[in-house]
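Trainee: For reference, the chains in residue letters:
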Amino acid sequence: MTTAAQPFEFSTAGYLIRIANQKAGSIAELADGVANCTDASIFHHTFHTLGQHHFLTEGFSNDFAQWALASANRVELAEQLASLDIRDYVTLAEVRSDLHRMLKDYTDIHPAAAQQMALEPFYFCESVEIATPLPERASSLKEFRHSLEVISRASLYYHFIASRLRLQLRTNDFSAWFANGLGLTRLADQTNRIDIYANTLDSARRTLLSLIDRELAA
Amino acid sequence: MTARLDDYVALLGAPEIDELRSLARTLVERDVLMVNSTAVGGGVAEILNRLVPLARELDVNIRWEVLEGGADFFEVTKAFHNALHGEPYRLPPEAFEVFLAYNEHNRKRIDLESPIAVIHDPQPLPLICGRPRQDRPWIWRCHIDLSRRNPTVWDFLKPFVDKFHAAIFSSPAFAQGLPIPQYLFFPSIDPLSDKNRELPPEFVRGVLDRFGIDPGRPVITQISRFDRLKDPLGVVRVFRSVKRYFDCQLVLAGGGASDDPEGAAVVAEVREAAEGDPDIHILELPASSPLEINALQRASTVIVQKSLREGFGLTVAEALWKKRPVVASAVGGIPLQVIHKHTGLLAHSVEGTSYQIRFLLAHPELAAKLGEQGHQHVRENFLVTQNLKTYLLLFLALQRAM
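Respectively, the protein sequence lines represent chains A and B.
In terms of my numbering, the first sequence has 73 at position 73, counting the first letter as 1, and numbering is strictly consecutive.
Take any residue in the second sequence, note its place counting from 1, add 1000, and you have its number in my numbering.
No lab work stands behind these hints: they were computed from the structure.
Here the structure is a predicted model, which means the values were calculated and not measured.
All residues carry an ideal CB built from backbone N, CA and C; glycine is no exception.
Check the hints yourself; a few may be wrong.
Lysine-lysine pairs mimicking DSSO-like chemistry, simulated, CA-CA at most 30 angstroms apart [said to hold, decoys possible]:
(1) B:Lys-1078 with B:Lys-1163
(2) B:Lys-1078 with B:Lys-1158
(3) B:Lys-1108 with B:Lys-1163
(4) B:Lys-1163 with A:Lys-23
(5) B:Lys-1243 with B:Lys-1369
(6) B:Lys-1341 with A:Lys-23
(7) B:Lys-1341 with B:Lys-1389
(8) B:Lys-1158 with B:Lys-1389
(9) B:Lys-1341 with A:Lys-104
(10) B:Lys-1323 with B:Lys-1341
(11) B:Lys-1323 with B:Lys-1369
(12) A:Lys-23 with B:Lys-1389
(13) B:Lys-1158 with A:Lys-23
(14) B:Lys-1078 with B:Lys-1108
(15) B:Lys-1389 with B:Lys-1369
Quick look at which bits of chain A chain B covers, simulated, 3 or more residues with Cβ under 8 angstroms [unchecked claim]:
(16) 11–20
(17) 55–66
(18) 129–142
(19) 153–161
Selected chain B positions facing chain A (Cβ under 8 angstroms, derived; list incomplete) [unchecked claim]:
(20) Pro-1015
(21) Glu-1016
(22) Ser-1022
(23) Leu-1023
(24) Phe-1169
(25) Pro-1181
(26) Ala-1330
(27) Pro-1335
(28) His-1348
(29) Gln-1376
(30) Leu-1393
(31) Leu-1394
Okay, chain A solo, but in the shape it has when bound (with noise of 0.2 angstroms):
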């Protein structure tokens, strides 16, 4: 069996909260918020509400589209902001021109619609990430199998959601450290894409467990 020369490494991330001084009561005063809100922000209505909703596999993609859809009330804009994939994404800087972008057009070809009041405004917040090491490590394929089953929903989320960011490599923690640390570039690919909006944490772990029990059975 491969060993690593580095083990995987777990750790754990939790998220504060943080309530922005911002918000928005239209689609015209959203695009503004988009456009100007800090980085923290992006993230906080992007990717850690994907972690925040795992459970919810069917039409929830983002903060956004669910505020455009439930409270300004235009389906339209609501699909294309939740057309946005963060896997596409290796920056928030990208992921905050795609929106803006998408709310400008909106504005633009619907100007009086825009400016309409929803029914509740939308406030924008951050996620303060507060990232500590777990004592679970990993040297083989068979020793990270065992961890996975033991790490939180957390854990799991910051190393295979939250890591895209920070790698900004359109693929994430695990992947990583299965092509580069074990050299099993096919169980890398078939992790990166497992889909995380079709999937909860729970039921991606027990795909990727899947995946490592073919890969060990081989």
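Chain A is already provided as a structure; the job is to place chain B on it using the hints.
Mentor: Just chain B, lined up with the frame of chain A:
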């Protein structure tokens, strides 16, 4: 018997509880001072009564101190509380002196030396002036909706708030433009308390029998005290509209109104609106009836929270925890719990509430799905264990920053 951390493993899984232990181990300082105004009764005391023993199991020692005060102090703090919720403030200027004098008394009485201090609600705010060291974090936990705060009272209190390192609110809508960091902490429910724990079906059936509710027909329920802001008359109108299409029953259940003149008047109005309809059950429950409330929620087909204004509205989280489909007004903290079309349905009027209830009664498979997802939402975000975790994260963040 009080639940211990290990008792939550069956509900949440061992990894989630182990993570609490891992987080707590990383704390350098494990002594925390918390101050509020009452040891029993009220939501804050209820939360602290659960939080303190659970934290102790993690070797995080929360020293919980309660303010001492005479009737004149609590008369002032009650007026403050109501004013911060948006009601008129009519006390004379001397009320501020009373407030400060009792806080000075408590400042001398309470040992304020602690690595971290959390001050709950406005009553103990001036204690900040007596903190022994400026470099130790003091946090203000505001459980009140300040979005309609009376400026007379808020302008008096805000200078104290500004001295804290951070403030915590239950909803972004409640927060203020403060010069200090403001954090969002969701209120929480205890899944192992009598109000939320699993109940034997025969007990639930017994409660229905006791109140004359037919278990064979749909039950629409609103659990709330009898208060106009909970719009019980609106719920009766909603029910009449739904009943045109579905043979169903309505349960309006809440704490007894015997010692609350306004509550008694509201009950009388609701009874009059019900016009003796045997399918409308108006239940004035004794002040503490957690098992009965639990049973009524579990027996409900749809749970309604048609508030006109709301704080956080934890009755919604209670219903979602029990996997009940919820139709609720989009006010206060409710939209944080009811994510429209994912964990329940939001409405903004009698007509909208009626439509959403009918939709759920006609689509039980969708109702079940919303209930299941609502349960997951509460499990992830609104349980006492999550509240404890968020406090640990805040303490850790503050320690790393100091």
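Trainee: None of the hints should be skipped; say for each whether it holds.
Mentor: Hints versus structure:
1. B:Lys-1078 with B:Lys-1163: Satisfied, since the Cα-Cα distance of roughly 23 angstroms is no more than 30 angstroms.
2. B:Lys-1078 with B:Lys-1158: holds (17 angstroms)
3. B:Lys-1108 with B:Lys-1163: holds (19 angstroms)
4. B:Lys-1163 with A:Lys-23: Answer holds: B:Lys-1163 to A:Lys-23 is near 25 angstroms, not above 30 angstroms.
5. B:Lys-1243 with B:Lys-1369: Holds: B:Lys-1243 and B:Lys-1369 sit about 23 angstroms apart, inside 30 angstroms.
6. B:Lys-1341 with A:Lys-23: Roughly 23 angstroms between the alpha carbons, so the hint for B:Lys-1341 and A:Lys-23 holds.
7. B:Lys-1341 with B:Lys-1389: Roughly 28 angstroms separates the two Cα atoms, so the pair holds.
8. B:Lys-1158 with B:Lys-1389: holds (28 angstroms)
9. B:Lys-1341 with A:Lys-104: Between B:Lys-1341 and A:Lys-104 the Cα gap is close to 26 angstroms, so the pair holds against 30 angstroms.
10. B:Lys-1323 with B:Lys-1341: Cα-Cα ~15 angstroms, so holds.
11. B:Lys-1323 with B:Lys-1369: Cα-Cα ~9 angstroms, so holds.
12. A:Lys-23 with B:Lys-1389: holds (27 angstroms)
13. B:Lys-1158 with A:Lys-23: holds (21 angstroms)
14. B:Lys-1078 with B:Lys-1108: Distance of about 23 angstroms is within 30 angstroms: holds.
15. B:Lys-1389 with B:Lys-1369: Holds, at about 28 angstroms.
16. 11–20: holds (count 7)
17. 55–66: It holds, with 5 qualifying residues against the three required.
18. 129–142: n = 4 at 8 angstroms, threshold three: holds.
19. 153–161: Satisfied; 3 residues make the cut.
20. Pro-1015: Hint holds; B:Pro-1015 Cβ to chain A Cβ min 4 angstroms, cut 8 angstroms.
21. Glu-1016: It holds, given that the least Cβ distance between B:Glu-1016 and chain A is near 5 angstroms, below 8 angstroms.
22. Ser-1022: holds (6 angstroms)
23. Leu-1023: holds (6 angstroms)
24. Phe-1169: holds (6 angstroms)
25. Pro-1181: holds (6 angstroms)
26. Ala-1330: holds (6 angstroms)
27. Pro-1335: holds (6 angstroms)
28. His-1348: It holds, given that the least Cβ distance between B:His-1348 and chain A is near 6 angstroms, below 8 angstroms.
29. Gln-1376: Interface hint status for B:Gln-1376: holds (4 angstroms vs cutoff 8 angstroms).
30. Leu-1393: Constraint on B:Leu-1393 satisfied, holds at 4 angstroms.
31. Leu-1394: holds (6 angstroms)
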